[in-house]
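Please model the complete structure; the sequences and the hints are all you need to start from.
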Amino acid sequence: MHMWTIWLIAAGVLLVLEMFTLTFYLLWICLGAVAALLISLVLPDAILLQVLAGCIVALVLTVFTKPLSRRIRTSRGFQDAGTELIGRQGIVVEPIEPGHYGIVKIGGDTWSATASVSLGKDERVRVMKMSSTRIEVEKWEEIL
Amino acid sequence: MQWVVIVVILVVVIAFIALTVKVVPQQRVGVVERLGKFNRLLSPGLNILIPVIDQVRIYHDLRIQQANVPPQTVITKDNVQVQIDSIIFYQVVNPEQATYGISDYVYGVRNISTATMRQIIGKLELDETLSGREKISNEIRIALDEATEKWGVRIERVEVIDIQPPTDIQEAMDKQMKAERNKRAIVLEAEAAKQDMILRAEGDKQSKILKAEGDKEARIREAEGLRQAQELEALGQAKAIEAVAAAEKQRIELIRSAGLDEAVLAYRSFEALEEVAKGPANKVFIPSNAVETLGSLGALGELFKDKKA
Chain A
1 MHMWTIWLIA AGVLLVLEMF TLTFYLLWIC LGAVAALLIS LVLPDAILLQ
51 VLAGCIVALV LTVFTKPLSR RIRTSRGFQD AGTELIGRQG IVVEPIEPGH
101 YGIVKIGGDT WSATASVSLG KDERVRVMKM SSTRIEVEKW EEIL
Chain B
1 MQWVVIVVIL VVVIAFIALT VKVVPQQRVG VVERLGKFNR LLSPGLNILI
51 PVIDQVRIYH DLRIQQANVP PQTVITKDNV QVQIDSIIFY QVVNPEQATY
101 GISDYVYGVR NISTATMRQI IGKLELDETL SGREKISNEI RIALDEATEK
151 WGVRIERVEV IDIQPPTDIQ EAMDKQMKAE RNKRAIVLEA EAAKQDMILR
201 AEGDKQSKIL KAEGDKEARI REAEGLRQAQ ELEALGQAKA IEAVAAAEKQ
251 RIELIRSAGL DEAVLAYRSF EALEEVAKGP ANKVFIPSNA VETLGSLGAL
301 GELFKDKKA
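Heads up: the sequence lines are chains A and B, in that order.
If you're matching positions, the first sequence starts at 1 in UniProt numbering and goes up one per residue.
If you're matching positions, the second sequence starts at 1 in UniProt numbering and goes up one per residue.
Calculated from the structure, these hints are not laboratory results.
Check the hints yourself; a few may be wrong.
List of simulated lysine-lysine pairs, DSSO-like, C-alpha gap at most 30 Å [what the hints assert, rightly or not]: (1) A:K129 - A:K105; (2) A:K105 - A:K121; (3) B:K135 - B:K194; (4) A:K121 - B:K239; (5) B:K135 - A:K139; (6) B:K239 - B:K77; (7) B:K135 - A:K121; (8) A:K105 - B:K194; (9) A:K139 - A:K121; (10) A:K105 - B:K123; (11) B:K175 - B:K77; (12) B:K194 - B:K205; (13) B:K249 - A:K105; (14) A:K139 - A:K129; (15) B:K211 - B:K77; (16) A:K66 - A:K105; (17) A:K66 - B:K37; (18) B:K239 - B:K249; (19) B:K123 - B:K194; (20) A:K121 - B:K77; (21) B:K150 - A:K129; (22) B:K194 - B:K211; (23) B:K208 - B:K194; (24) A:K139 - B:K150; (25) A:K129 - B:K135; (26) A:K129 - B:K37; (27) B:K123 - B:K150; (28) B:K150 - B:K175; (29) B:K175 - B:K135; (30) A:K121 - B:K150; (31) B:K216 - B:K239.
From a predicted model like this one, the values you see are computed outputs, not experimental measurements.
This is how it looks when you write it as structure tokens:
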């Protein structure tokens with residue numbers, strides 16, 4: 001078997017695997033194998049050279065992933081509805097006393113909430129701050 | 001020899017690249033440590049790490065997770081053991097805290113939920129636990145948020161799937177309910193009977209009153225009629241008597257003025273005899289001493305004369 005066929009098979013298998021798993025680094029290795037394939041067509045006997053060339057190509061591509069990943073990162077992904085609460089309106093379910101926690105309902109979810117003033121039941125509030133499980137609210141006042 | 005070098009190079013390069021490029025799927029996040037210290041979070045998408053120096057400690061799933069809590073025996077305030085089956089929904093909101101704040105947040109979430117549930121139900125009576133779902137969930141909310149604040153995990157809700165009282169209590173509850181319904185039925189029946197009797201009595205009373213009133217009026221009217229009739233009768237009689245008396249007086253006066261004497265009387269008595277004799281079944285025998293009788297009539301005439309004088 002010629003060396004270049006081995007590289008071709010390796011490249012094909014890697015490409016298929018990449019398409020199934022989408023891990024991205026297999027793609028770079030696959031491109032490295034393609035580079036090695038090109039070398040093997042010119043110099044069929046220098047196997048070590050082929051391997052080194054393939055490795056270097058793969059490594060270089062990996063390093064150049066960084067600017068690519070930055071561009072991908074700026075694109076908009078899925079936004080979890082529950083994660084952005086600040087500025088949203090909620091309704092007090094359990095009265096809030098300063099220093100004690102009450103319960104505020106925001107879009108179907110209930111949150112423990114604290115406030116600087118005491119708020120009665122069914123009052124509308126705006127979310128000011130948010131920690132992992134608790135929120136800070138203030139009275140909702142219509143913007144005139 | 002050459003092949004060994006090739007294999008080593010390949011393995012090293014592949015491992016190197018595999019450690020460098022990390023693709024993180026949506027709603028997952030990795031925690032990166034640089035030489036053992038927390039460095040950053042891996043956001044979804046393509047990420048580049050420095051191999052060997054950077055290490056991904058753990059991946060967190062940011063979606064809402066469910067954890068089943070096996071049935072727990074809980075004692076209520078009135079000392080009834082109930083089995084509570086619940087399910088917990090939670091979500092990792094702060095991956096750093098979920099990594100460094102608690103060793104195993106799934107286990108922690110499960111334990112804190114059951115402990116809190118026990119505590120809250122221990123303060124309630126059996127009836128309240130069966131009906132006060134809202135209250136339970138509100139109280140659990142506050143207690144859990146307090147506990148899980150540092151864990152970076154928010155427990156969305158704790159749903160009580162089933163509350164099962166022991167069978168004997170359940171039977172007693174069934175009986176109680178049945179008795180309650182029976183009681184209501186009996187009370188309603190009694191009330192209906194009472195109303196029925198009252199209505200009947202009232203009707204009776206009214207009818208009697210009406211009857212008595214009618215009787216009274218009828219009698220009064222009757223009596224009035226009788227009185228009027230008697231009065232009228234008496235009046236009529238009085239008038240009749242008066243009229244008869246007046247007529248008698250007039251007759252007598254007329255007879256007197258006509259100059260009544262013995263001869264007329266005798267003549268009249270003969271006439272009367274004649275009348276008597278006319279009757280079909282009568283036979284009149286005039287006795288031989290009729291003349292004598294007539295003579296006695298003359299004596300009668302004397303009598304009249306005396307009276308006149």
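Would you check the hint for A:K129 and B:K37, treating anything up to 30 Å between C-alpha atoms as holding? holds (28 Å)
Between B:K194 and B:K205, is the straight-line Cα distance small enough, at 30 Å or below? holds (16 Å)
Between B:K135 and A:K139, is the straight-line Cα distance small enough, at 30 Å or below? holds (24 Å)
Take a quick look at whether B:K175 and B:K77 sit within 30 Å of each other, Cα to Cα. holds (22 Å)
Straight-line alpha-carbon gap A:K139 to B:K150, limit 30 Å: Since the Cα atoms of A:K139 and B:K150 sit roughly 27 Å apart, the hinted pair holds (cutoff 30 Å).
Sort out whether B:K175 lies within 30 Å of B:K150, counting only the CA atoms. violated (48 Å)
Holds or violated: B:K208 and B:K194, Cα atoms, limit 30 Å. Status holds; Cα separation ~21 Å.
Decide if the proposed pair is consistent with the structure: A:K121 and B:K239, CA atoms, cutoff 30 Å inclusive. Violated, at about 104 Å.
Pair hint A:K105 and B:K123, alpha-carbon separation not exceeding 30 Å: holds (25 Å)
With the threshold set at 30 Å, check whether the alpha-carbon distance from B:K123 to B:K150 stays at or below it. holds (26 Å)
Taken at face value, is the distance from the CA of B:K135 to the CA of B:K175 at most 30 Å? Roughly 27 Å separates the two Cα atoms, so the pair holds.
Given the hint that B:K239 pairs with B:K249, does the C-alpha gap stay at or below 30 Å? Between B:K239 and B:K249 the Cα gap is close to 15 Å, so the pair holds against 30 Å.
Against the hints set out earlier in the document, violations occur for numbers 3, 4, 6, 8, 13, 15, 16, 19, 28, 31.
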